[in-house]
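Assemble chain B onto chain A, guided by the hints.
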Amino acid sequence: MTNSMNDIRHSKCIFMIGSNAAEAHPVAMQHILYAKEVNGAPLIVVDPRFTKLAAKATEYVRIRPGTDTAFLMGLINYIIQNDWHDKEFIRTRVAGFEEMRKVAAHYTPEVVEDITGVPKEQLARVAKLLATNRPGTVIWCMGITQHHIGSSNTRACCILQLVLGNMGVSGGGTNIFRGHDNVQGATDVCVLSHSLPAYYGLKEGSWKHWCKVWGVDYEWIKSRFHSKEYMHKKGFTLARWYEGVIQEDKITQYTPIRAVVFWGCASNSQSQYHKLKKALDKLDLVVIIDPFPTTTAAMCEKDNVYLLPSTSQYETEGSVTSSSRQAQWRYKVVDPIYEAKTDYEIMYEFVKRFGFADKFYKNIKQIPEDVTREIARGALTIGLCGWLPERIKKHTDNWHTFDIDTLQAKGGPCDGEYYGLPWPCWTETHPGTPILYDISKPVAKGGLPFRARFGTEYTYPDGRKENLLAAPGVANPGSEIKGGYPEFPGWKTDPNVIKEALRRGMAPFGNARARCYCWNFPDPVPIHREPLHSPRADLIKKYPTYPDKPDHYRVYTRFASEQKPELVKEYPLVLITGRMVEHMGGGAETRSNKYLAELAPEMYAEINVKVANDYGLREGDYVWIESPEGGRIKVKVKVTDRVDERTIFLPFHFGGFFMGRSYAANYPEGHQPYALGEPANIVTNYGYDIITQIQATKEGLCRLKKA
Amino acid sequence: MGAKKIFTTPATPAGKPVTLNPKLARRTFLKIATAAAGLGGLAFSGRLVRKAQAKEAKIPYPGSKIVRTICTHCAVGCGVYAEVQNGVWVRQEIAQDHPISRGGHCCKGASAIDMVRSEKRLKYPLKREGGRWKRISWEQALDEVCSKLLEIREKYGPDAVHWNGSAKVSTEMAYLQRKLAAFWGTNNIDHQARI
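These protein sequence lines map, in sequence, to chains A and B.
My numbering applies: residue 1 is where the first sequence begins, and numbers increase by one.
My numbering applies: residue 1 is where the second sequence begins, and numbers increase by one.
The following block holds chain A by itself, in its conformation from the complex (with noise of 0.2 Å):
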């Protein structure tokens, strides 16, 4: 999130794509309704499914699954149309606004209406909307993402706030609101098969840079890799592991994967889950760490299998991330029950017996207070530098004295600063950067320009050259220089270079434009692609997706190979998923929760009331619902308007179910969870983003059967 939960309080329009945060964010939406009740704020909704968040909205809009990209650049396309583009913001502080422009004008309103579904007269409404009601926070989550041009459909959110000038102001932004608890902040230490902590990448500069903060020499560290290689190549991810060891898909490893170890992480949250399952029964050893026994566990039916109890977060401490970027010290209530172990402890245990203790623990003598400072020593691409366990904990010591409309604290302990230090936190003062790319303040007080990070000018295949950096006369207040500048040499790797910068008034990482043409992605400006299960044959030819990628990630994925026109003929029915309030995640938590599995015990299928009356299906009967890749599940059917006539909604957090049978005796004797369905992802479709791989779980096609 460029700004937050509860700056939204101070916004004009808010619109929302691909977000269900009544059931997601609940809480949220006390921000969200105060916008809408005080400020007057339209509540835009764009989603495929009426959701209980689209019930709150004064204009809903339906769009076809997998057409954000095209909504948007016609949203776009429109606003410029009309001369509604923030002309001043634009001219000072956007990159490739001309190259953006000649691309948005295919999407007229009426090729948007082809595309989308969505009435033109609803595009224009839309759009007005958006102009008249400035500043606007433009809000998303995986509705936008699990796309097979997921990455672009985000790029066309943050192409529509430059385009309306909503950055950097209070009210504005782009706010995705992320899944689970603490996922911000393990993005930011990159749990990430691409990078190391901070998003230093995986270059011989980035390990030099983190073999310097752990203390351990780098040809060390290089020794433990197969060759120097497989240390810069990124590896297998959450999303397709499972084929680095079934291999449907070629792989471009040394090695079959053997061993596999979740680590307080569920696996049926993963598509294909059917092939998932081949993968555990082949596997020479699984290891699952979790406070409950997870629907991995008993899905395993090999002797291949071990169960170690972590104690749940309450039994232990460390700082969480919120959405926000703000820090909190999530305390610890009691000491662990049971003989459960704490996340720590159990890691202590491992690398004992991995032989390499002394080096691992080097800096850390105190946990985790020794790892905070760790993180705050060698993140400095994000500017975790300020984020001492000190500071953290006094601000969740002293919550109370912060103010709910600027999050800044009002006298006490942590005067001026912002709650939980949003990053980045530049220093150990640093009040953290509330709204980030604001330059109405400086940058020691919360301020900040756009990050100058692809050079200093750019010449486009049309020949026009553009300087990259910001216009004279914009940059923070205070700054040495009155306009762009570039990033200082060395601020990722040496605190004193961002300290000399904040001294002269200025990013360590320069003052720059955002762009619209990103030269270095597929698509340098979002178009649409159909989805490679598309509903509508017809359009496949005007708007194929990629070619295939022979090794993204390991593992060879199919693009152009996989759209198949004729697909729709057997499968007529377009597949999304999303969360309910009641649980969270893979469901290992919740669905073991007493209070929770009572109050949404069952597995179900939203189908619209005109598909039962075809199929001849009344609320309550089960069905078949079988995916292109063989999967299948048996499901209630659950009558609804909710989804359109050509559209099936699977909540995906049920498990201990596989394709018709009960799994429940495969669980530790007493550890069933209270609530078993199937999980929705058996039936989720092949496909992934052809940048991040996320899984295009939003956008696949199905068929029902009567069961």
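Treat the hints as calculated values from the structure; they're not laboratory data.
One or more of the hints may lead you astray.
[Stated by the list, open to error] DSSO-like, lysine-lysine: derived pairs with alpha carbons at most 30 Å apart: (1) A:Lys228 - B:Lys148; (2) B:Lys65 - A:Lys222; (3) A:Lys52 - A:Lys102; (4) B:Lys65 - A:Lys410; (5) A:Lys222 - B:Lys155.
All values derive from a computational prediction rather than experimental measurement.
Relative to chain A, chain B alone:
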């Protein structure tokens, strides 16, 4: 440097190890249940509970302490007040003064206490043997798991192991997961943010 040195985490606020006294647990369950019912829309069987009086819900348990903590479900980051007596989490309360949640809770946050109290929690390490789950000691579990991992690393290389880390642990723990993969010698590490 040994394990003890590293794990000198402070004791629970009550300063005593946890013993889940079933009598106490039952009494407090009823109390929290009635207190939370109005907030989360939780449905309870009338047979089990009696209506708590407002003033009763406000009386602290004798000798109890209040711990500030953060909900473990979504990334909004709601505050939770946990009431702990003799090392047992006896009751939870919304945080009216928390700057983000301002007293708000969804049904998941309102039932946070069951994360610690659920009977479904794993109690000890288990392995599957002859198609059945078998209780084993921590020492055996760790020795077997780690020696098997090392054996696979030796035989096939460090990339033969894939690590799925977590967005449900602290930032410090997540960082250690990433660091572990680096020291193990692989980039085959990922977590829920990917999907």
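Which numbered hints are broken by the structure, listed smallest first? Hints 2 and 3 not satisfied by this model.
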